[in-house]
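A.B. asks: On the provided structure of chain A, position chain B as indicated by the hints.
There are 2 protein chains.
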Amino acid sequence: MKTETSPSTYCNGVDAESLRNTIAFLGENLDKAQFKFRARNRWIDGSLNEATIDSFHALGEEQSHEHAHVVQADQPALILGKDVAPNPVENLLAALSSCIATTTIYHAAANGETIEALSSELEGAIDVQGFMGIDPEVREGFNEITVKVKARSSANRERLMELISKSPVLDVLRNGTKVAVTVETDR
Amino acid sequence: MKTETSPSTYCNGVDAESLRNTIAFLGENLDKAQFKFRARNRWIDGSLNEATIDSFHALGEEQSHEHAHVVQADQPALILGKDVAPNPVENLLAALSSCIATTTIYHAAANGETIEALSSELEGAIDVQGFMGIDPEVREGFNEITVKVKARSSANRERLMELISKSPVLDVLRNGTKVAVTVETDR
Numbered sequence: 001m002k003t004e005t006s007p008s009t010y011c012n013g014v015d016a017e018s019l020r021n022t023i024a025f026l027g028e029n030l031d032k033a034q035f036k037f038r039a040r041n042r043w044i045d046g047s048l049n050e051a052t053i054d055s056f057h058a059l060g061e062e063q064s065h066e067h068a069h070v071v072q073a074d075q076p077a078l079i080l081g082k083d084v085a086p087n088p089v090e091n092l093l094a095a096l097s098s099c100i101a102t103t104t105i106y107h108a109a110a111n112g113e114t115i116e117a118l119s120s121e122l123e124g125a126i127d128v129q130g131f132m133g134i135d136p137e138v139r140e141g142f143n144e145i146t147v148k149v150k151a152r153s154s155a156n157r158e159r160l161m162e163l164i165s166k167s168p169v170l171d172v173l174r175n176g177t178k179v180a181v182t183v184e185t186d187r
Numbered sequence: 001m002k003t004e005t006s007p008s009t010y011c012n013g014v015d016a017e018s019l020r021n022t023i024a025f026l027g028e029n030l031d032k033a034q035f036k037f038r039a040r041n042r043w044i045d046g047s048l049n050e051a052t053i054d055s056f057h058a059l060g061e062e063q064s065h066e067h068a069h070v071v072q073a074d075q076p077a078l079i080l081g082k083d084v085a086p087n088p089v090e091n092l093l094a095a096l097s098s099c100i101a102t103t104t105i106y107h108a109a110a111n112g113e114t115i116e117a118l119s120s121e122l123e124g125a126i127d128v129q130g131f132m133g134i135d136p137e138v139r140e141g142f143n144e145i146t147v148k149v150k151a152r153s154s155a156n157r158e159r160l161m162e163l164i165s166k167s168p169v170l171d172v173l174r175n176g177t178k179v180a181v182t183v184e185t186d187r
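Protein chains in written order, with our numbering: chain A, 1 to 187; chain B, 1 to 187.
Keep in mind that the hints were calculated from the coordinates and are not lab data. Just to be clear, a hint being listed does not mean it is correct.
Chain copies aren't distinguished; within one or between two, either way the pair holds.
[Said to hold, decoys possible] Derived pair list, reagent style DSBU-like, types lysine-lysine, alpha-carbon separation capped at 30 Å:
1. 166 x 150
2. 178 x 148
3. 166 x 82
Just so it is clear, the structure is predicted and the values come from calculations on it, not from any experiment.
For reference, chain A alone in the conformation it holds in the complex (with noise of 0.2 Å):
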């Protein structure tokens, strides 16, 4: 929720005032809490297909990106595809790298803790005997997936660890959440 405020109020670029006045609005209307966010996609031809997003739910109504963002994904030359872009799980790579990201910004600014300079690297390790179906005992996903922040900041390592700790994206990837899958066909 921006307010106006003046930019000595910004820690690590991010509008620290307004970010805690957010948080104590939700906190005093519990009922605003509930956010939606969207995807949709299509698919163009063989590996390629590309997500919109434009629409989400927050503080209790229907909200517009300023324009829709658009994510497209691929698959290299070697996984038949045409390499224009990530495949999905190198885009789930992202979506966790990004989130660690902002988490730790926004929560060490919310607390006036600075951040100077944060970067990762991810790797995750799929045996694709699952995905290719050789194996029905091996797993379509990652095995695991290891990250490896790097940081300079006014809070220390093992506080650092405790902010990364309040990703969505993380918490999604290492505890799973309930996704209900429906299709439809025309003909």
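C.D. replies: Same frame as chain A, now just chain B:
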């Protein structure tokens, strides 16, 4: 693994013969089925950061994308960003949507099942009391994700559901995975 095939072996825009050859090859060379995918992230300012994806490990060797792919993440103005890109949880939904599409298309192609059109709409619900630290009992991530898939295909609804269930990202989101995080500070 790309092999020389004629266009007539294509199904759903995928080189189905090469795909079947790859599956057969990996079935006989299980040591080459351990793939690794990667992303590295650099925080830019405030809510803006970007992930770069350029290398991966597949078929027992280090591999490179044709060029580096960059995936940005930001936040909408309401969440104190500049809205130049989707936010991390929206990118997570995009990754799930693209993985469902690619998985369906590839598995159908490998089995000679045609898909003429494929789209999906995803929505994920988050109670931001968790992320905001208002209620420690509330999880940070999505409580539930709904995925509505629409298809025009030679495969029926039940078969499409079976193909979708092979999605690596869907597996990770439903069942969780191990995520090992380390932090290094440079002061």
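A.B. asks: Using 30 Å as the alpha carbon limit, work out where residue 166 and residue 82 are close: within a copy, between copies, both or neither.
C.D. replies: between (36 Å within a copy, 22 Å between copies)
A.B. asks: Can you tell me if residue 178 and residue 148 fall within 30 Å by alpha carbon in one copy, between copies, both or neither?
C.D. replies: both (28 Å within a copy, 14 Å between copies)
A.B. asks: Please work out whether the CA atoms of residue 166 and residue 150 approach to 30 Å or closer within one copy, between two copies, in both situations, or in neither?
C.D. replies: Within. Shortest intra-copy distance 17 Å satisfies the 30 Å Cα cut-off; inter-copy 34 Å does not.
Going through the hint list in order, the structure satisfies each hint without exception.
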